[in-house]
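Asks: Here is how the chains run, residue by residue.
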Amino acid sequence: MQIQKDINDASRVINDIFYWAFISPFKGRPIRIRASISEMVKAGYNSVPIVSVISLFIGIILALQAAYQLKRFGALVYVADLVGVSITRELGPIITAIIVSGRSGSAFAAEIGSMKAAEEVDALITMGINPVRFLVVPKLIALMVMVPALTVLSDFLGLFGGFLLSVTLLELHPVNYFQQTINALLVKDILTGLIKAWAFGIVITIVGAYHGFKVEGGAEEVGRHTTSSVVASIFLVIVFDLFFTALFYFFT
Amino acid sequence: MENAIEVVGLVTHYGDREILKNISLSIPKGKTTVILGGSGCGKSTLLRHLIGLLKPTRGSILINGRDITVMKESELNEVRKKFGMLFQGAALLNSLSIADNVALPVKEHTRLEDSTIQIMVRMKLDLVGLSGFGGFFPSQLSGGMKKRAGIARAMALDPEIIFFDEPSAGLDPVTAAGLDELILKLRDVFKMTIVVVTHELMSIFMIADYVIMLDAGSVIFSGTLEELKASGHPRIKMFLDRQAENENYNPEDYLKIIAGE
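These protein sequences, in sequence, are chains G and D.
Quick note: the first sequence uses my numbering, first residue 1, plus one each step.
Quick note: the second sequence uses my numbering, first residue 253, plus one each step.
These are computed hints drawn from the structure, not numbers from a lab.
Treat the hints with caution; some may be incorrect.
Part of the chain G face toward chain D, derived, beta carbon under 7 Å [to be verified]:
id, residue
1, Asp9
2, Ala118
3, Glu119
4, Asp122
5, Thr126
6, Gly128
7, Ile129
8, Leu242
Quick reminder that beta carbons are idealized off the backbone N, C-alpha and C, glycines included.
Start from the sequences, fold in the hints, and give me the full structure.
Replies: This is the structure we're talking about:
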């Protein structure tokens, strides 16, 4: 059965990733720090421009959309609340996760997939090097750190976008807007967003690695699995978002 | 004669298709053994089983008397430290320089000082005739040089057994002959057990001490090079004389084939 085999493969990849990332370091097989840092640069630092620009625009758009409704009730100052809460709780983490899925998730699948096609993964195994420890764990560490970090950036720039629009076009007083945002936001809002971002990082790495290791054969397979890895990771990010949002709604 | 590898009753499947049909063979220690056969006879599959990349359906593979098919991954990794393998496309890691590729197994399996590792890497690169190429990346090297670098990496931990998958595939005759000479040097100088999978006749006559021939998933010959030349087996004769396989259809069968029935 194909589905049975897929589930089997996926659980083996997940099992391996968690073993080599969280258990084996305590058994004297340390994580490759330098590779992790280089992955952080590739996945995190290099996505700073795109995350910044998109978050800024989303903040502006959100403020515009909020103003469209709120000005009918003469409640324009509540734009700050709406932008603040929806950016930190929802849009910051999800926008970041979608950008990282598109940039890094696909890169992971393509990198591991083409290494599999060129027998490089087999070469690692014959050298007695576990490919999950060597290739995937640094990426996991990188995304577990960088997706929350990028989310913080995204939160700030999203809020700044809303602020920018409100003080110019909507003619709200900057101090008022700032005060209103501070009052609306709870530490809880930002924290739940960051927990979600952390989980999204894990999801994106696992999906990318799973699709990469599934490649058998040549270049066409690499392309196919890269595409499915992006589709699957965006889908799973949304599924996990639903799950966490529901969880936080009932338990915080 | 002592055997480095012994295969007993090996049966393997790819999906439902049976690739190796109950084969048994032994590979002598300190010699160059060539595994020979036409395309699709299962020789690459056999090699992948010998290095523990695939698990067989049945049968056992004894390396220095220990069965690798029943080993756990951690035990298998210990055995693999005594292996070197040159893959068909060399399989160097493209993200690392040549020197880092050669250093990789040493860094992973030993706790040597970095300066010591650098010296080891330069020694191995010199051995395969690539002195001064340590800083290059795999994409900057020619096919023959990549294979030499692959050999240097396979030699990094001074293995007891070294495997070659089609070493001369895709190389011009001069480069291929150079590679064959390198293989001979490894055997003579380091007394290593060498296993070469190939179908290049020229290489076979140059490097082989012992020949195993596979055909359609079975062993049809194993013995020395002289015995191979003297063999009267029709498939071996066809192989050595480079005869094409005759495909005699009668007209009716041919019509059926092209009509897709």
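Asks: So, as I understand it, the hint says isoleucine 129 (chain G) touches chain D; can you test that by seeing if any CB pair is closer than 7 Å?
Replies: OK, holds: isoleucine 129 (chain G) within 7 Å of chain D, min 5 Å.
Asks: How about leucine 242 (chain G): closest beta carbon in chain D under 7 Å, or not?
Replies: Status violated, d = 37 Å.
Asks: Could you check if alanine 118 (chain G) really has its C-beta closer than 7 Å to a C-beta on chain D?
Replies: holds (6 Å)
Asks: Hint validation: aspartate 122 (chain G) versus chain D, beta carbon distance must be below 7 Å. Holds or violated?
Replies: holds (6 Å)
Asks: Taking the least C-beta to C-beta distance, is glutamate 119 (chain G) closer than 7 Å to chain D?
Replies: For glutamate 119 (chain G), the interface hint holds, since the closest Cβ of chain D sits about 4 Å away, which is under 7 Å.
Asks: Report holds or violated for the interface hint on aspartate 9 (chain G), using the least CB-CB distance to chain D and a cut-off of 7 Å.
Replies: violated (15 Å)
Asks: Closer than 7 Å between Cβ atoms is the bar; does threonine 126 (chain G) clear it against chain D? Give me holds or violated.
Replies: holds (5 Å)
Asks: When the nearest CB of chain D is found for glycine 128 (chain G), is that gap smaller than 7 Å?
Replies: holds (4 Å)
Checked against the numbered hints above, the structure violates hints 1, 8; every other hint is satisfied.
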